[in-house]
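Undergrad: Sequence:
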Amino acid sequence: MTPGAPAGTAPVTAPAVPSADAAPSADVPPADAPSAAIPSADAPPVVAALDTPERRYRMLRLIRSFEERALGLVKSGVITGGIHPYIGQEAVAVGVCAALGTGDRLASTHRGHGHVLARGLDPARLLAELAGRVGGSNRGRGGSMHAADLRLGILGANGIVGAGAPIAVGAAWADRQAGSDAVAVAFFGDGALNQGVLLESLNLAAMWRLPVLFVCENNGYATTLPAGTAVAGSATGRAAAFGIPATEVDGMDTEAVRAAAEEAVARARNGGGPSFLECRTYRFEGHHTMERLMKLHYRTTEEVAAWRERDPLPRAATALGTGLAAALDAEVAAELAAAEEFALASPHPDPAGAADHLYASGLRPRAGAVV
1 MTPGAPAGTA PVTAPAVPSA DAAPSADVPP ADAPSAAIPS ADAPPVVAAL DTPERRYRML
61 RLIRSFEERA LGLVKSGVIT GGIHPYIGQE AVAVGVCAAL GTGDRLASTH RGHGHVLARG
121 LDPARLLAEL AGRVGGSNRG RGGSMHAADL RLGILGANGI VGAGAPIAVG AAWADRQAGS
181 DAVAVAFFGD GALNQGVLLE SLNLAAMWRL PVLFVCENNG YATTLPAGTA VAGSATGRAA
241 AFGIPATEVD GMDTEAVRAA AEEAVARARN GGGPSFLECR TYRFEGHHTM ERLMKLHYRT
301 TEEVAAWRER DPLPRAATAL GTGLAAALDA EVAAELAAAE EFALASPHPD PAGAADHLYA
361 SGLRPRAGAV V
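Using the numbering used here, read the sequence shown as starting at 1 and increasing by one per residue.
Treat the hints as calculated values from the structure; they're not laboratory data.
Because the structure is a prediction, the values reported are computed rather than measured.
Do not take every clue at face value.
Listed next, with one range per pair, are the computed distances between beta-carbon atoms [unchecked claim]:
id: 1; residue 1: G228; residue 2: T301; range: 41 to 51 Å
id: 2; residue 1: S234; residue 2: G321; range: 51 to 61 Å
id: 3; residue 1: G228; residue 2: A367; range: 47 to 57 Å
id: 4; residue 1: A367; residue 2: G321; range: 58 to 68 Å
id: 5; residue 1: N194; residue 2: A306; range: 20 to 30 Å
id: 6; residue 1: G362; residue 2: E309; range: 45 to 55 Å
id: 7; residue 1: T223; residue 2: P314; range: 26 to 36 Å
id: 8; residue 1: P365; residue 2: T318; range: 55 to 65 Å
id: 9; residue 1: H297; residue 2: I160; range: 32 to 42 Å
id: 10; residue 1: R366; residue 2: P53; range: 24 to 34 Å
id: 11; residue 1: T224; residue 2: G72; range: 46 to 56 Å
id: 12; residue 1: L344; residue 2: R315; range: 31 to 41 Å
Just so you know, even glycine gets a beta-carbon here, dropped at the ideal spot from N, CA and C.
Working from the sequences, and respecting the hints, build out all of it.
TA: Spelled out as structure tokens, the structure:
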């Protein structure tokens with residue numbers, strides 16, 4: 001059985017990716033060519049396979065290009081309210097998700113597009129979700145900060161800082177009670193390190209030896225506040241205080257993140273309890289798209305330029321070779337062109353249904369409950 005997969009789970013399949021030793025295929029479509037049809041909303045989702053360098057590079061490029069396209073749609077007004085770009089941090093999402101099995105689960109953040117794409121969420125449906133269209137992954141009702149797909153184990157992005165941690169802990173507890181070997185991942189930023197809900201989650205996970213991987217994406221800033229002026233001690237020290245093994249890793253290196261995540265996931269799956277990864281990374285864009293209008297200046301151009309020298313995409317592309325990387329880039333460009341076409345063609349929700357889906361239905365009360 002696939003690690004972390006419940007009984008009866010079908011094996012994961014993925015589209016073929018050219019070999020690193022192969023020359024660029026003449027069949028790779030140019031960036032403006034139409035791509036395959038967007039899967040039906042009723043089609044079973046497929047967890048992204050990230051088991052080769054080619055597939056990991058393709059996902060890095062997909063996340064980067066998706067975010068760049070989304071930024072353009074924010075500028076044009078198609079996406080209202082803005083987004084929190086993940087540009088620069090792609091290696092963390094890809095590296096961690098490469099270590100997960102089909103039945104594992106994750107809780108994301110307000111900067112969560114990279115996480116959900118790396119898990120396998122269809123970019124066309126995510127883009128439609130950002131645009132508030134009914135073809136979106138959550139019918140246009142969740143938007144950028146609440147993308148979810150329980151079928152993929154995506155427990156949801158979250159607009160509350162650190163709030164994904166207790167959700168991941170609860171999922172890990174529930175899976176263990178059900179006899180599953182699934183692992184849950186909680187992503188959060190350095191701004192969550194002083195949130196009580198995160199510390200409570202660390203405590204419960206440690207006390208109950210739950211299979212949780214806590215992933216701190218330390219990009220150096222909580223909005224505009226430098227982490228060094230807000231965090232006493234260290235990120236890994238928070239975990240160490242609860243007896244949780246903690247590791248600092250280069251969050252700009254996909255393979256380094258993957259190796260550390262695989263070790264932590266294997267430990268959790270084998271009953272070793274929670275682990276904590278601090279991924280030192282950097283966002284190349286602002287905290288959110290409103291920064292450009294607000295004209296905030298809290299980082300020097302030299303600092304940003306220095307981090308751009310460590311961009312995870314060129315590093316991964318170099319490992320593949322220029323020809324293969326270019327072929328994959330073109331493939332992704334075609335996929336996202338089709339995704340945007342799908343999103344823009346999808347209608348807005350009918351205002352008459354604004355009150356739909358506010359209340360859960362079909363819930364089973366626990367034994368002994370009075371209803």
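Undergrad: Indicate, hint by hint, whether the structure satisfies it.
TA: Structure-based check of all given hints:
1. Hint check: G228 to T301, Cβ distance near 19 Å, so the stated range 41 to 51 Å is violated.
2. A hinted range of 51 to 61 Å for the beta carbons of S234 and G321 is inconsistent with their spacing of about 38 Å.
3. Remark: the range hint 47 to 57 Å for G228 to A367 is upheld by a beta-carbon distance near 51 Å.
4. Checked against the hint of 58 to 68 Å, the C-beta distance between A367 and G321 comes to roughly 59 Å, which is consistent with it.
5. At about 27 Å, the CB distance of N194 to A306 agrees with the hint of 20 to 30 Å.
6. At roughly 53 Å, the beta carbons of G362 and E309 sit within the given window of 45 to 55 Å.
7. The supplied range of 26 to 36 Å is met by T223 and P314, whose beta-carbon atoms lie about 28 Å from each other.
8. The hinted range of 55 to 65 Å is satisfied by P365 and T318, whose Cβ atoms lie roughly 57 Å apart.
9. In this structure the supplied range 32 to 42 Å is violated for H297 paired with I160, their Cβ-Cβ distance being about 27 Å.
10. In this structure the hint that R366 and P53 lie 24 to 34 Å apart at CB is violated, the actual value being about 47 Å.
11. A hinted range of 46 to 56 Å is violated for the C-beta pair T224 and G72, which are about 24 Å apart.
12. Evaluation of the 31 to 41 Å hint for L344 and R315 yields a pass: the beta carbon distance comes to about 34 Å.
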